[in-house]
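**Q** Chains as they are written, first to last, in this note's numbering: chain F, 1 to 332; chain Y, 1 to 550.
Just so you know, the hints here were simulated from the structure itself, not pulled from any lab data. Please note that a few of the clues may not be correct.
Example chain F residues on the side facing chain Y (calculated, C-beta under 7 Å, incomplete) [to be verified]:
| # | residue |
| --- | --- |
| 1 | Q228 |
| 2 | L235 |
| 3 | K236 |
| 4 | H247 |
| 5 | P250 |
| 6 | N251 |
| 7 | R327 |
As the structure is a computational prediction, the values presented were derived from the model and not from experiment. Where a beta carbon is used, it is the ideal one built from N, C-alpha and C, also for glycine.
Now for the letters of each chain:
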Amino acid sequence: MSTLGRMIGQRLALGAFTLVIVSMVIFAAIEALPGDFAEAILGQGATPEAVAAIRESLGMDRSPVERYFAWLGGVFSGDFGVSFSQLSFQSQYGQTSERDVVTVADQLAPRFANTIFLAAVAAAVAVPLSLALGILAALYRGSIFDRAANVGTLTSISSPEFFIAYILILFLAAANPIFPSISKIHADLDFWERLYRTVLPALTLTLVVTAHMMRMTRVAIINLMASQYIEMARLKGVPRWRVIVRHALPNALAPIINVVALNLAYLITGVVVVEVVFVYPGIGQMFVDAVKLRDMPTVQACCLVFAGAYILLNLLADVLSVLTNPRLRHPK
Amino acid sequence: MQSGGPLVKIRDLRIEGLAGEAWLPIVKGVDLDLARGEVLGLIGESGAGKSTVGLAAMGFTRDGCRIAGGSIEFDGIDLVAASEEEKRSLLGRRIAYVAQSAAASFNPAHRLIDQHTEGPVLHGVSTQQASQEDAMALYARLRLPEPESIGFRYPHQVSGGQLQRAMTAMAMSCRPDLIVFDEPTTALDVTTQIEVLAAIRDIVEQFGTAAIYITHDLAVVAQMADRIKVLLRGSEVEENDTRAMLADPQKDYTKSLWAVRSFQRPEQPPRSAQPVISIAGVTAGYSAATDVLHDVSFDIYPGQTVAVVGESGSGKSTVARCITGLLPPRQGEIRFNGAPLPASYQNRSKDQLRQVQMIYQMADTALNPKLRIRDIIGRPVQFYRGLRGNELRQRVVELLEQIELEPALYIDRLPSELSGGQKQRIGIARALAADAQFIICDEVTSALDQLVAEGILKLLDRLQNELDLAYMFITHDLATVRAIADEVVVMKDGNVVEAGPKTDMFTPPHHDYTDLLLSSVPEMDPDWLDRLLEERGVDNIGEAARISPT
Numbered sequence: 001m002s003t004l005g006r007m008i009g010q011r012l013a014l015g016a017f018t019l020v021i022v023s024m025v026i027f028a029a030i031e032a033l034p035g036d037f038a039e040a041i042l043g044q045g046a047t048p049e050a051v052a053a054i055r056e057s058l059g060m061d062r063s064p065v066e067r068y069f070a071w072l073g074g075v076f077s078g079d080f081g082v083s084f085s086q087l088s089f090q091s092q093y094g095q096t097s098e099r100d101v102v103t104v105a106d107q108l109a110p111r112f113a114n115t116i117f118l119a120a121v122a123a124a125v126a127v128p129l130s131l132a133l134g135i136l137a138a139l140y141r142g143s144i145f146d147r148a149a150n151v152g153t154l155t156s157i158s159s160p161e162f163f164i165a166y167i168l169i170l171f172l173a174a175a176n177p178i179f180p181s182i183s184k185i186h187a188d189l190d191f192w193e194r195l196y197r198t199v200l201p202a203l204t205l206t207l208v209v210t211a212h213m214m215r216m217t218r219v220a221i222i223n224l225m226a227s228q229y230i231e232m233a234r235l236k237g238v239p240r241w242r243v244i245v246r247h248a249l250p251n252a253l254a255p256i257i258n259v260v261a262l263n264l265a266y267l268i269t270g271v272v273v274v275e276v277v278f279v280y281p282g283i284g285q286m287f288v289d290a291v292k293l294r295d296m297p298t299v300q301a302c303c304l305v306f307a308g309a310y311i312l313l314n315l316l317a318d319v320l321s322v323l324t325n326p327r328l329r330h331p332k
Numbered sequence: 001m002q003s004g005g006p007l008v009k010i011r012d013l014r015i016e017g018l019a020g021e022a023w024l025p026i027v028k029g030v031d032l033d034l035a036r037g038e039v040l041g042l043i044g045e046s047g048a049g050k051s052t053v054g055l056a057a058m059g060f061t062r063d064g065c066r067i068a069g070g071s072i073e074f075d076g077i078d079l080v081a082a083s084e085e086e087k088r089s090l091l092g093r094r095i096a097y098v099a100q101s102a103a104a105s106f107n108p109a110h111r112l113i114d115q116h117t118e119g120p121v122l123h124g125v126s127t128q129q130a131s132q133e134d135a136m137a138l139y140a141r142l143r144l145p146e147p148e149s150i151g152f153r154y155p156h157q158v159s160g161g162q163l164q165r166a167m168t169a170m171a172m173s174c175r176p177d178l179i180v181f182d183e184p185t186t187a188l189d190v191t192t193q194i195e196v197l198a199a200i201r202d203i204v205e206q207f208g209t210a211a212i213y214i215t216h217d218l219a220v221v222a223q224m225a226d227r228i229k230v231l232l233r234g235s236e237v238e239e240n241d242t243r244a245m246l247a248d249p250q251k252d253y254t255k256s257l258w259a260v261r262s263f264q265r266p267e268q269p270p271r272s273a274q275p276v277i278s279i280a281g282v283t284a285g286y287s288a289a290t291d292v293l294h295d296v297s298f299d300i301y302p303g304q305t306v307a308v309v310g311e312s313g314s315g316k317s318t319v320a321r322c323i324t325g326l327l328p329p330r331q332g333e334i335r336f337n338g339a340p341l342p343a344s345y346q347n348r349s350k351d352q353l354r355q356v357q358m359i360y361q362m363a364d365t366a367l368n369p370k371l372r373i374r375d376i377i378g379r380p381v382q383f384y385r386g387l388r389g390n391e392l393r394q395r396v397v398e399l400l401e402q403i404e405l406e407p408a409l410y411i412d413r414l415p416s417e418l419s420g421g422q423k424q425r426i427g428i429a430r431a432l433a434a435d436a437q438f439i440i441c442d443e444v445t446s447a448l449d450q451l452v453a454e455g456i457l458k459l460l461d462r463l464q465n466e467l468d469l470a471y472m473f474i475t476h477d478l479a480t481v482r483a484i485a486d487e488v489v490v491m492k493d494g495n496v497v498e499a500g501p502k503t504d505m506f507t508p509p510h511h512d513y514t515d516l517l518l519s520s521v522p523e524m525d526p527d528w529l530d531r532l533l534e535e536r537g538v539d540n541i542g543e544a545a546r547i548s549p550t
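Use the sequences and the hints to build the structure in full.
**A** In structure tokens:
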């Protein structure tokens with residue numbers, strides 16, 4: 001197990017390094033975009049004087065390298081900075097007292113919680129569903145069920161998310177008003193009300209991620225069906241469903257876990273479009289707004305959250321893969 | 001339940017296999033009778049249909065195969081007409097199977113004992129608890145070490161010979177009427193093979209189980225079977241009692257099988273006093289902590305064949321890796337014609353690389369399946385000698401002629417369009433293409449049928465005489481050593497135990513370990529195993545188990 005501990009340590013260190021690289025890339029990308037926060041927020045009223053004033057108040061007159069390292073230094077001491085919109089508001093309306101400052105972290109936290117809630121609901125449906133469908137498709141390989149499951153999931157993954165979202169709104173909110181088409185979530189809602197309002201975006205995400213996981217489950221199991229230990233199990237008179245669930249599935253777990261992790265990461269990082277369609281107050285919406293305004297601290301924070309989710313989920317997948325492999329779990 | 005009739009009765013069995021679009025016959029009308037408690041040996045080369053017939057006796061056909069005609073009766077039950085459900089209730093409970101590779105046939109995800117108890121519990125023959133206790137009793141009976149705890153290990157934690165015995169125990173778990181053994185010892189070392197053979201024979205006798213024993217090794221089947229049936233390309237050649245069959249085979253094909261081991265070339269003196277390859281005090285290992293080879297030294301002279309023998313794990317292949325430079329030794333050096341070779345292949349010149357060539361055990365995986373024969377052989381010709389165009393083609397044609405394959409027929413084929421023996425010949429041609437003086441042959445015949453293997457050995461012998469080659473022959477098969485070697489090096493646990501001319505090696509007195517190896521090679525005498533077990537005493541089987549590495 002100490003090797004596992006070492007692996008986790010190494011991967012976390014590498015992950016932190018990756019995050020720094022990600023932040024550099026994002027910073028450079030925002031710098032490369034035409035216009036900046038000052039021009040974006042002033043819009044039509046962007047007189048050179050006003051632009052210069054905002055730039056100066058935000059410290060944007062410094063060189064990009066200097067600004068990046070100032071931000072990075074803050075991050076290392078746990079300070080993700082303050083959104084440009086907040087700063088600009090303060091500088092224009094004179095609210096400068098320290099305790100009223102709303103940091104990026106403060107803004108992000110409730111949004112992130114909402115996104116996690118949406119991802120969790122989608123995952124709670126999608127993961128068991130796709131595993132079950134994949135196992136059944138492998139069990140009845142070549143049957144009508146197998147084909148229907150394949151065609152169905154492929155159709156849903158091939159359609160753009162917003163299209164699926166609008167179709168669902170059309171049938172489940174407009175034509176038959178069962179669920180709300182706009183997910184108004186706030187902190188005062190109780191769990192069931194919150195869940196009710198999350199159904200449509202969660203359903204959209206489920207339809208998007210199920211195909212990948214289901215097909216990987218099916219293929220991983222079918223690949224093993226030619227193994228000698230599967231033939232042995234059949235020659236012991238083990239029923240077909242048990243051959244698949246007990247003899248094939250445990251050996252197919254590693255690839256399945258990896259695909260599940262990839263899709264869980266997508267549920268967090270890929271929600272942007274879905275959140276926008278359903279006006280779901282998650283991190284995706286915040287991210288879109290921040291990019292529009294070139295609001296560097298907010299964009300950076302969102303990207304770090306996305307990248308962090310990716311890194312942690314992939315690490316989790318690798319750890320689970322090790323734990324499901326008896327060769328690694330019980331060395332000679 | 002039990003009737004007085006034969007246990008298995010197969011009549012005019014025909015099985016077809018799907019090849020592309022067409023169904024081709026694999027088994028062409030085989031009859032088979034097996035009485036209760038009887039052991040029938042099925043022998044033949046690969047492709048003879050032995051496994052297919054053995055599985056058919058269980059009512060089972062592999063995917064892509066179908067029963068095209070004939071009848072299979074097990075204890076009066078028609079297995080061709082039986083539903084999947086009916087067959088499933090027989091499989092594991094009344095008919096069990098022991099596969100060739102126990103390592104591949106145990107599920108890596110579950111402990112041995114859980115796989116053992118699955119059948120009895122599923123078939124309602126026993127409870128988990130009772131079946132577990134029975135497993136331990138069977139393990140003890142099969143002389144597995146630590147029978148109370150070995151079942152709680154995972155397959156990768158147990159050695160090959162032990163796994164094979166655990167699999168036999170698993171087959172016994174429901175006390176079946178019939179066990180089909182499909183080459184159960186083919187993948188094992190000779191010393192381990194004896195333990196498994198003795199264990200199988202013991203337990204089959206104790207429980208009066210009938211068995212179909214499939215193998216290509218005549219000497220093995222002679223120890224195990226009451227009757228022998230010989231198959232060739234899906235048809236029966238002949239069948240008789242074991243002793244009668246061994247003493248007096250009727251058909252030419254059977255006689256040719258019996259005669260296989262007769263090829264033996266005389267020992268040749270070295271053709272020069274200067275060894276072509278000297279291995280001098282080589283110590284090497286894969287990880288920093290452990291050495292796989294300890295101070296290994298021996299010489300190989302031009303025109304001679306040195307056989308390196310030993311069980312798996314003895315370091316034979318590691319020596320080859322040191323010579324080719326794939327594994328730089330920690331200490332010692334390899335000299336070629338007296339001059340030291342750089343330790344790593346990366347530091348060797350093209351000419352030095354050219355001088356050491358290799359032929360591999362699995363021609364299947366050693367040849368690029370996407371390349372045609374002209375390119376497989378042409379590549380080293382081009383690389384080492386820089387020939388192109390017509391000259392290159394001419395050289396490839398020459399090489400194909402040397403390995404006795406008609407160039408016009410074979411030059412444009414893909415490896416998949418060749419038989420196993422032909423693929424191995426291509427492997428030889430590729431080694432010859434470099435014009436090397438020294439070739440390492442790593443178990444080159446062990447994946448081949450005996451007749452085909454004999455052809456390869458004769459070819460290698462002819463080439464050696466014509467081209468003055470030196471071979472290092474890595475093998476665990478002492479029959480091969482007897483056939484082709486001049487010098488023998490016996491290895492065990494990374495040490496050279498004994499080395500010398502072949503005649504010395506095969507005449508006593510030997511080193512203890514050499515003796516164990518030699519006496520473990522099955523002979524065509526049906527009493528051989530009994531005699532050997534008596535000589536060694538039952539406890540000595542355990543001794544052999546202790547000596548053999550995992």
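**Q** Give a verdict on every hint.
**A** For each hint, the structure was consulted:
no.	hint	result
1	Q228	holds, 4 Å
2	L235	holds, 4 Å
3	K236	holds, 4 Å
4	H247	holds, 5 Å
5	P250	holds, 4 Å
6	N251	holds, 5 Å
7	R327	holds, 5 Å
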